[in-house]
Structure formats: C-alpha cells, structure tokens
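Q: Given the structure of chain W, go ahead and fit chain P onto it with the hints provided.
Protein sequence lines correspond, in order, to chains W and P.
Just so we're aligned, residue 1 is where the first sequence starts under my numbering, counting upward by one.
Just so we're aligned, residue 1 is where the second sequence starts under my numbering, counting upward by one.
Take these hints with a grain of salt, some might be off.
What the hints assert, rightly or not - Below, a list of computed lysine-lysine pairs in the DSBU-like style, where the Cα atoms sit at most 35 Å apart:
hint	chain 1	residue 1	chain 2	residue 2
1	W	90	P	134
2	W	12	W	90
3	W	90	P	78
4	P	78	W	12
Stated by the list, open to error - A short list of chain P residues far from chain W (calculated; beta carbon distances all over 10 Å):
hint	residue
5	36
6	57
7	79
8	85
9	88
10	108
11	217
12	220
13	227
14	249
15	270
16	273
17	278
Said to hold, decoys possible - From the derived model, a few chain P residues whose C-beta atoms are all more than 10 Å from chain W:
hint	residue
18	80
19	110
20	115
21	199
22	269
Please keep in mind that the hints were generated in silico from the structure rather than gathered at the bench.
Since the structure is predicted, the reported quantities are computational estimates derived from the model, not experimental observations.
Note that CB positions come from ideal geometry on N, CA and C, so glycine has one too.
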Amino acid sequence: MPQAAVHPRAVKRRIALGVGIVALLAALVASASVGAVAIAPGDIVPTLMGNGSVEDYRILCHIRLPRLLTGALTGINLALAGCILQGILKNPLADPGIIGVSSGAGLAAMSIMILLPAQTAFVPLAAFCGAMVAVALVFALSWEHGVRPMRMVLAGVAIAAFFGGAMTALMVFYSDRVQGTVNWMAGGFAGRSWTHVEMVLPYTLIGIAGTLLGSRWLNALQLGEETARSLGVNVARARLVLLVLAALLAASAVSAAGMLGFVGLVVPHIVRLLTGSDFDYLLPAAAIWGATLVTGADAAARTAFAPVEIPVGVFMSFLGAPFFLYLLKKGMKHSA
Amino acid sequence: MDIRNREEKTMQDKKQKEEEIILRAANLTLGYGAADIVKDVSLSIRRAEIAAIIGPNGSGKSTLLKALARLLPIRSGKITLGNADMWEQPTRQVAQRVAFLPQSADFPPDITVMELVRMGRLPHRGFWDGFSRKDAAASEAALRRTGLIPFARRPLRALSGGERQRVRLAMALAQEPEILLLDEPTTYLDIRHQLALMELVEHLHDTLGLTVVMVLHDLNQAVRYSHHLIALTDGRVMADGAPEEIFTRDLVRDLYGVESLVRDVELAGRRTRLCLPERVAQEKEGEAV
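For reference, chain W alone in the conformation it holds in the complex (with noise of 0.2 Å):
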C-alpha cells in the first residue's frame, strides 16, 4: 500500500527534525561566539583544540560552554516534560508548573536566599528538593487507584497558590533582602558551571531513554483511558512512571535555570503543529526546538541589549508569546 505508507506529514515532520539539527547547531555555535568578548564562529573548534588564545580558550571552556550546555540540556528537559505532561493530562495548558515543580523550586530555593544567604551554593539542590516535595504533595492529593488526570490538575493549582502565598510572605517580610532572588525568579544562565551541567545531565539522558521506550505508552493515553486499558496498557503505571519522569526531568530543569517557564508550555505546542500528535515524532522534535530555542534566547538575551544582560526568561515571554498566538491563530484557520 505506497499510498499509505507515505504520511500526509512526513514532509513537516523531516523539516521538523531536519530544520531543528541545523538551527541547533546554529544557535549553539551563536552562542558560544558572542558575549563580550566576541570569538569567530570558525575559531571555536581550533580554540577549543587548544590552537587559539588562552584567554579565548578558557572563556569557552570556563564561561561559554557550560552555560549554552545547561541551556540546551535544560531546554531538552523541559520541552520533554511538556509534551509528557500534555499528553498525559489532555489538557493543553498542562505545562511543569502544573504539577507544583515550579513552585515547589521557588519556594525553596527563595528560603535559602533569604533566610540563608551564605549557603546560596545550595540553591540548586533546594530548588530541586523542593520540586519534588511539591510533586509527591500533588501525587499524594490526585491519588485514586492511580494518579487521576483532573484531581492532578486541581491539586496542582491548590499546591502552587500554597506556595505561592508563602513565597509572597518571604518577600513582605524579608522585602530587604528580595533583591538577591529577583534574577532566579526570572530565570537565566549567567555564571552557569559544569557542576550545573553535571545537575541537568543525568535527568537529560534518562529523560531521552525514557521518552523514547514510552512514546508508545503516551500514544495510547491520549487515545483516553478507556482505549489505552483496551489496548492493553496498564494505564496507572504507565502514567506514574511517565509522571515521575516529567517531574525529574522539570525539576532539575527548574534547579539549574530558575523559573524558566515558557518552554515547557509552548515548544511542545509549536512542534506538534509541524509533528502531529504522534509522539514517535513529536518528542524527538520538540526536544531538539526546545534546545535550540533556549540556546538561542540565551544568545540573543546576552547579546541585544549589552551590555546588560536581559534574564533569558523574560526574552523569551515577550518574543515567545506573540509568535505562538501566531501560529495557534494560524493553526486555527487551518483546521477550521
């Protein structure tokens, strides 16, 4: 059947995947050559091979590197989270501050900066911790014989306006010290180390495994319950354990870039216009946009405004929002 076996979106999806390669490697080459000190796209290997400048050489290996890796690494998480999220939820404004990682990640990370702000070292493992509490609270709540979808998403917005409100009273009444937090709050990558590429890692590396072994499981759940059990897939473990990854993956996310929260939302959403919902598909794409796209806000937020450095976050909101009610108005269209 030639006829069949062609899908109608294999184009877009080529183009998906294919585009998202090259503008990967675009955006990561962008970004390790701009800065303050500007280094020629074709230097950057040489340097790196110890052929070029000391001084360019460490500010690659010390400065640049490990922060457009934790960018693309952070990026790949949390468009996976995203779409795993999406997927599992069916609901399209599931994002990982749904399920509590967001707030959970600020509320402790805000109560070392401001009540121990020698140990800010610790930051990101707090954030991550605190991710996690906030996510077993939210399991614990949605829990029914297995996590149920609509309690989960309830249960999300009751843990984050709980944490919320505590980090709002962390900041009336230590509103001296909230300067420090504003910047993590906002999210960003400046002074990002390996040891913070060494944090996301990991998590990046089980993320893809798992992504790729549960593609098919994500395929069925958003077929409903109903027709995934049918099909012969137990429903409560697939959704935990495809859970669990999404918090892990949006938690370490969250620990090493702050609250970086449009990815999560709109990468998936932007793909699965040129992917379809097929998750085969989609979350190779998505994760690869999700890089670039983190990558090259970081570039670009160090770059156009310098030399002050935007935090990457808010770039990304003002240039991110508008495109993607864009392309959803478009998408509209073209499916009405």
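A: Only chain P this time, still in chain W's reference frame:
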C-alpha cells in the same frame, strides 16, 4: 499468521467451536462508589456468536460491558475468558483477545486513520519490539476489511461521524481479537451509517469468526443482528436467550414499561422481529416517566 490461512482455519474451526463458551460471567456484582450497578449477573457468551445487551437507561448495560472488557474491577463474582479467570491473565494478553470500543472517544484530530489503526497493534508488540511487517500487514488488513484504504492518510478531523466510527472499528480489528465488545456503536449515527456499521459488524463476524458482544439501544437492530439477546434491568438479567424466543411484547413492557407492537417480518430475505413502541404503559417504580 497469514490472514487468508487464518480465515480458512477459522471457517473450519467455526463449526466445532460453536458450542464453546468463550466468555463467562458468574455471579458478577459491579459498581461505582457506594452503589452496586450490576447485581449477581451470570451469563455465557459462545464463541463466534453475536450477542446484544439491551435494557433501559441505568440498567447497567455499559457497566457490564466494561467489566467484560476488563476495564472495571469486579466487586464479587468471576469472569472467565477462555479457560482462565480474566483477572489472573496479564493485561496485554487479554488485550490480544478482547477489543473494546467505548461509546465515544476523544482522539487527537490530527491523527491519521493509518496511524490510529496501527496503534491497535500495541498489545501484540513486546516492550522492545518495533513496528513489524506482521503489524503492518494486520493494520492494512483491518483497513481493507473496513473499506478505509482510500482514507488511510486522512486526519480524523476530515472524516464524518460514520467514517470515524469505522476507523475505531478498524483499530479494534488491527488488534486481531477473538472477542469484539461494542458499546452503543450506532448511537451517534444516521440510519444509513447505522445500517452500514451493523452490516459491517455482521460481515466481520461471518468472515473472521469474531465473537461480538454489543450494547444496543435500538431494539430492532438488536433483534435483527444478534443470535443471543440479554435483557438487563436494574442490574439484573431479566431474560437471556435467542431473540426469536425471548423478544416479545411482554418483555418490552417489563423492561421499559412501554406497550408496543411486535411483529415478525421479512427483511432483506431474512425473518426478523420488529418492535414499534405504542405508548407508555405504567410509571416505573420511583421514576417519573
């Protein structure tokens, strides 16, 4: 397995297996929350028969069907699939034998017919298995049997309700089940698509030796297409048997509280029985009619 061989084998086996009980519920009690919806129901489905479950709203038809699909935990009693307790068999193994079509399903509108039908192969794929040639052949056969080859590349949003229902049926066929469970498959369709779907189900039963159990609201469809009628009211079996034996004016009155005209007629070269509702006979207990 080659499909043609499978068909021939099925036809040979059909006769001797006809008396075999493939699905049996014994003293089944089911429910949600505090209430029992189905109470102490026992029934037997023979291999390669078409069984229809009828009954008024809230009688427990869909609940019973879901339990037969292993989608609902049972409160007490037992369901036997083949020779073994259904709940003691692994989920995936049950899914290889039983396919279930929910009354309605909300699928992503951009999924293509082919993609969806291929998802029906899931229970036959091991954890590490990709999509094999056998899976492709079974998916294609399912499309062919449902006349959907020309639609294979279309997204679901481009299909009508009747076509979508056929796609769901094709997905269930790709599962290569022995038993097909359908929950009110014709409810949202116009009469042409209702007729086409029932004819298709009957044809699939005839050619593949499928066992079909369906919940139907349309009594005339139930009588016309089934060999075995199960009448449910208030969670209990009121009548169980061949439609020509049990489907009477009295049954319709007892089930629905409706006086009706029941007549034997010849339709498309076959004897069947028609029921025309006449008037509401009495108020059923505790229910405003």
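Q: Run every hint past the structure and note whether it holds.
A: Against the structure, the hints come out as follows:
no., hint, verdict
1, W/90 with P/134, "holds, 31 Å"
2, W/12 with W/90, "holds, 24 Å"
3, W/90 with P/78, "holds, 33 Å"
4, P/78 with W/12, "violated, 50 Å"
5, 36, "holds, 18 Å"
6, 57, "holds, 20 Å"
7, 79, "holds, 15 Å"
8, 85, "holds, 17 Å"
9, 88, "holds, 15 Å"
10, 108, "violated, 4 Å"
11, 217, "holds, 19 Å"
12, 220, "holds, 27 Å"
13, 227, "holds, 24 Å"
14, 249, "holds, 36 Å"
15, 270, "holds, 32 Å"
16, 273, "holds, 32 Å"
17, 278, "holds, 37 Å"
18, 80, "holds, 18 Å"
19, 110, "violated, 5 Å"
20, 115, "violated, 6 Å"
21, 199, "holds, 24 Å"
22, 269, "holds, 35 Å"
In the structure shown, a violation is registered for the earlier hints numbered 4, 10, 19 and 20, in ascending order.
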